[in-house]
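Okay, here's what each chain looks like letter by letter:
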Amino acid sequence: MINPTTQETPEPHPTALKSNASVSSIFEALLKSPADLIETIFQKKNQRALGAKLALLTVVGFSIFGATMGSFSWGTQLWSTPLKSVLGIALSAVICLPSLYIFAALSGTSLKFDQLALGLAGTLALISALLLGFTPVLWVFSQSTESAPFFGFLVILGWLISLGFGAGFLRKMILQSGTSNKGPLRIWVGIFLFVTLQMSTSLRPFIGTSETIFTKEKRFFLEHWCIETFSRNPS
Amino acid sequence: MLQQLSPLLRGASGDLASWLHTPERARIKLCLLTILLGFGVYGLTVGLWRSPLMGVFVSFKMPGLIFLTILCNGLLNGMLGAVLGSGLGFRQSLAAQLLSFSIAAVVLASLTPVTYFLTTNAPSSGDINASTTHTYFLIGHTFLIAFAGILANLHLAKILIATVPNRRVAALTLISWLLGNAFVGAQLSWILRPFYGTPSIEVAFLRDHPFDGTFYEVVWRSLEQIFQGYQLLVLLIAMTILLWLHTPVIRLFTLQKNNQQSAKP
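So the sequence lines, in the order shown, correspond to chains F and S. First residue of the first sequence: 278, per this note's numbering; consecutive thereafter. First residue of the second sequence: 11, per this note's numbering; consecutive thereafter.
Simulated from the structure, these hints should not be mistaken for lab results. Just so it is clear, the structure is predicted and the values come from calculations on it, not from any experiment. Where hints are given, some of them may not hold.
[Claimed, not checked] Calculated lysine to aspartate or glutamate pairs in the EDC-like style (CA-CA distance at most 16 Å, straight line):
| hint | chain 1 | residue 1 | chain 2 | residue 2 |
| --- | --- | --- | --- | --- |
| 1 | F | 295 | F | 313 |
| 2 | F | 493 | S | 137 |
| 3 | F | 495 | S | 137 |
| 4 | F | 295 | F | 316 |
| 5 | F | 495 | F | 505 |
[Claimed, not checked] Computed list of chain F residues with no C-beta within reach of chain S, every gap over 12 Å:
| hint | residue |
| --- | --- |
| 6 | 322 |
| 7 | 420 |
| 8 | 440 |
Yeah, the Cβ is synthetic: ideal placement off N, Cα and C, and Gly gets one too.
Looking at chain S on its own, in the form it has when it is part of the complex:
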């Protein structure tokens, strides 16, 4: 499995384009299996700190979150790709997104020994300082997931550059897909909570009223409480940092532009 995925991890344009031009059933299956296993095993280490049962729950919920996001946005993203003139069919756009999520899954799976090691070495969830450890975990896992996500986006950008004839269209398609996936994915993660397992709250597959509230309302209210009046400024700073973290992706498009200009006689 890894042998088939390793050329994609390297991100050579030819490999990525060939993968997308012939999205065979076996390749789609491979992506689905990679997401299931990669996010599953990583999810296990995320929940394990709270309790083994929580680990099992999260090992199902994490790949579930990815599949639900693709399911909710698959049609929209396929249509956006077509409307923007990417020339990608519905199946190809789905394959591209599955491929990018597979990259994130492989990266997170490779970090699983590290996260498992940290879980087994951290103070337990029944400890006096459990809330501090919970915060460490929250920040640490958010950082790792964000890192894997940025790598996946970088590969998605490479796929689009390799297959879409126009660079501008490739960039627009990427932005529309990412915004859509982030918007829906964040809300779905709220519905599927808990993932990290707050020490003071009982272990459960889902919260009692999973559809109560939205991710965005809760984030806004939390920012209001913490930063009292400066929440908009903090939000803007967070958005800037997120944009800055995507510099490699932006640079990829700028580089392509410069290459195209220098190639012109």
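Just chain F, same shape as in the assembly:
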């Protein structure tokens, strides 16, 4: 007799999305049935259109998230932060894409470069979707607090959670390609996180004001956090 408590529902076989799938159906697939989206990437059909739609979702999501960060200081930050958010994530993706290909190969998958690029686009789109979910919460705090370190902490927390879920998309893609070795991907996610955090320091300010849109002084992100936290809160 089968114990009903231990019986698991078999996972449905993933089916690729239609070739003319709309942005909203891709958005839904990202959240509800990523396996179907991964299957679409594997089938190598209409990759450009899929890539463009994923990029659109990412740009929209990061722009709104950036505007929320910018609303902490208003002024020029309201338009410069969304632009810098999109630029920052695009640069981070370009910097980390070669290592993603190598680390994916090390995990034993035979995924091609363009498939992984789409996988990364899917990851970014999922991250942007999750960041959109955090937007109302962050907006409330952006209007309630004047402490940039505290607001920065909340933004980073939201970023970490979103990245954690976004990386899950890549993990599923690697597993669906037929390998079980997740070690190299975990390390790559660490590298990607590191690059994005440094990027947020290089393109600063995202939170707070500055005389110029970009700051020329070079700093490591940990050093920057320490300086900003302790210079504002001497106690």
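Position chain S against the provided structure of chain F, taking the given hints into account.
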């Protein structure tokens, strides 16, 4: 080039064994080119922080260090492989080591955009806090190189398991090769210094007296100065950490053992 290397990066036993059983000249050339380009471009980003000239120097010295290590140890490793009963010829043992260094080269090359980005975003070598940045770089690059090295060793272990009939012999061959390469490689890196370029010392291809002292003496003296009396303990802890980092390699051999035992009727 990457297309030919990607099956090796995946580390499937069949691909690795076939590569080693027929070490064609074209394959050896591919490995040499990969090491030259991979370590070269990574070396460029290592030295670039100190100065562009230093970057150019290191881009030559890093692949040079690998080639010199292989050159110094190639004969010894080939002989050790034969004496231990691995069944690998001199050319095959050389191909195996070239292949493992190629894996490290590809991994480091793939990280080059990241290290270049960090170099361009770090405070310059003329900054007041340059020594702190230099320390960050030293630790960061050491970590990345160690990581690439461990991945390369993991592949070398897979190659040996796939080609050497006896697991114990494969493990012994791997240990002897790694110890030899690490011992000689460390000293060669000392001779070829500087790599990271200390901000207070002038940029140069080699130090004035490159053969003065050994890597081991300097490390021991530094440990003595920093830890005053506890240097042996610190060294033991460092060795333990190094061994722990090789857990995937050790596990590979243990797994093979268990598989072999479970396959027996």
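Evaluation of the provided hints:
no. : hint              : verdict
1   : 295(F) <-> 313(F) : holds (10 Å)
2   : 493(F) <-> 137(S) : holds (13 Å)
3   : 495(F) <-> 137(S) : holds (10 Å)
4   : 295(F) <-> 316(F) : holds (11 Å)
5   : 495(F) <-> 505(F) : holds (14 Å)
6   : 322               : holds (22 Å)
7   : 420               : holds (32 Å)
8   : 440               : holds (16 Å)
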